[in-house]
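Asker: Here is what each chain is made of, one letter per residue.
There are 2 protein chains.
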Amino acid sequence: MEFSSKLLENAVYEMSQLPGIGKRTALRLVLHLLRQPETQTQHLVKALGTLREDVKFCKKCHSISDVEVCDICSNPNRIQDIVCVVEDIRDVMAIESTSQYRGLYHVLGGKISPMDGIGPQDLKIHTLVEKVKSGTIKELIFALSATMEGDTTNFYIYKQLEGVEVKIATIARGIGVNDELEYADEVTLGRSIINRIPFENALKSS
Amino acid sequence: MEFSSKLLENAVYEMSQLPGIGKRTALRLVLHLLRQPETQTQHLVKALGTLREDVKFCKKCHSISDVEVCDICSNPNRIQDIVCVVEDIRDVMAIESTSQYRGLYHVLGGKISPMDGIGPQDLKIHTLVEKVKSGTIKELIFALSATMEGDTTNFYIYKQLEGVEVKIATIARGIGVNDELEYADEVTLGRSIINRIPFENALKSS
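Those sequence lines, one after another, are chains R and C. Those letters in the first sequence? Residues 1 to 206, by UniProt numbering. Those letters in the second sequence? Residues 1 to 206, by UniProt numbering.
You may find that some hints are simply not true.
A few chain R positions that, by computed beta-carbon distances, are all more than 10 Å from chain C [as the list claims (entries may be wrong)]:
(1) 4
(2) 5
(3) 33
(4) 42
(5) 47
(6) 130
(7) 151
(8) 167
(9) 178
(10) 183
(11) 200
Here's a subset of chain R near chain C, in silico, CB distances under 10 Å, partners left out [said to hold, decoys possible]:
(12) 7
(13) 19
(14) 28
(15) 70
(16) 89
What the hints contain is simulated information worked out from the structure, not anything from laboratory work. Owing to the predicted nature of the structure, the values given are computational and were not obtained by experimental measurement. No residue lacks a Cβ here, since even glycine has one placed at the ideal position from N, Cα and C.
Based on the provided sequences and hints, a complete structural model is requested.
Answerer: Below is the structure:
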């Protein structure tokens, strides 16, 4: 792509650094901003800049928060000794939207992924292990994605906690509610048969 | 979506104002920026802010340019009396990349679209009409998209120039080179038959 303006080229380049945004899309977005009132760009620029500068992470669960301890961690009505281990704040939001979970969270900030150069020391695993070893946690629930990286991370934490008295669970994998069996992938379908649950339990949770 | 942080919510909101970017994608992009070094956000914010503040449009063709008169308009080797009328700078870049056009451009900045509240006065039509009426232009080539808005805009300009001596052409519509006939839409295929060209001409341009 040849640009008639360095300013434009630069803006498109920076925009295309975002994941899933190629040069063409970046150009479309930047030209859109140019057509809108200048205030829109100012608001966008200010919101991104302020977030990046002032962002805080909850001291307890490492989720993004505007205060030192997030609303969930500081809520006395939440069950304090069950902790759900997730990758990032999107997972917290997804689980919260179900209204089915009343415990706390621990946000790792990613998964162990040697291919991307992410090791255990890049994640908030150490503080989780400390927390569990201090004896205040009764149950951990792994809710990482069921990929090789997710499984590796689960297993790494599991090994770190060997000998520590804590129940460790992982969220159930299976056919989605309302999904057709014939369209499910074999691995999911296979797991849902192996990890079948008593029908009475299913009746209770529906 | 419920956010644990106002800063995050605000950044996601502003990001989701961009076309084709929903709340989920916006959240993904913003979280990506948070994981990257702070400099990436700073560069993005600076590039967008500077572009919006300092952007200049060529005095002659209204294309985006860092100087008063863009490189194409100020190039004495370009044919000065043929003007290609396009919607925005992306079309200029697309045509330039073919290396088949040696004339000048006129960037309208959009198409007439009553549905979006865009009338002739919102576009650079007036300056185009003036330019043609001054008698320095021999040929206009309409290269707007073949939509109702594009056709309306073409027709509006055409009417404004009634009685003015200037050749008005529109770029050829037809089946793309290397495209299969069976997959072409009927309108395109129909137009390509109606506007068929002598085989000798086709031989020359291939």
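Asker: Now tell me if each hint is right for this structure.
Answerer: Structure-based check of all given hints:
no.	hint	result
1	4	violated, 5 Å
2	5	violated, 5 Å
3	33	violated, 6 Å
4	42	violated, 7 Å
5	47	violated, 4 Å
6	130	holds, 23 Å
7	151	holds, 21 Å
8	167	holds, 26 Å
9	178	holds, 20 Å
10	183	holds, 23 Å
11	200	holds, 33 Å
12	7	holds, 5 Å
13	19	holds, 5 Å
14	28	holds, 7 Å
15	70	holds, 5 Å
16	89	holds, 7 Å
The structure does not agree with the numbered hints 1, 2, 3, 4, 5 stated previously, though it agrees with the rest.
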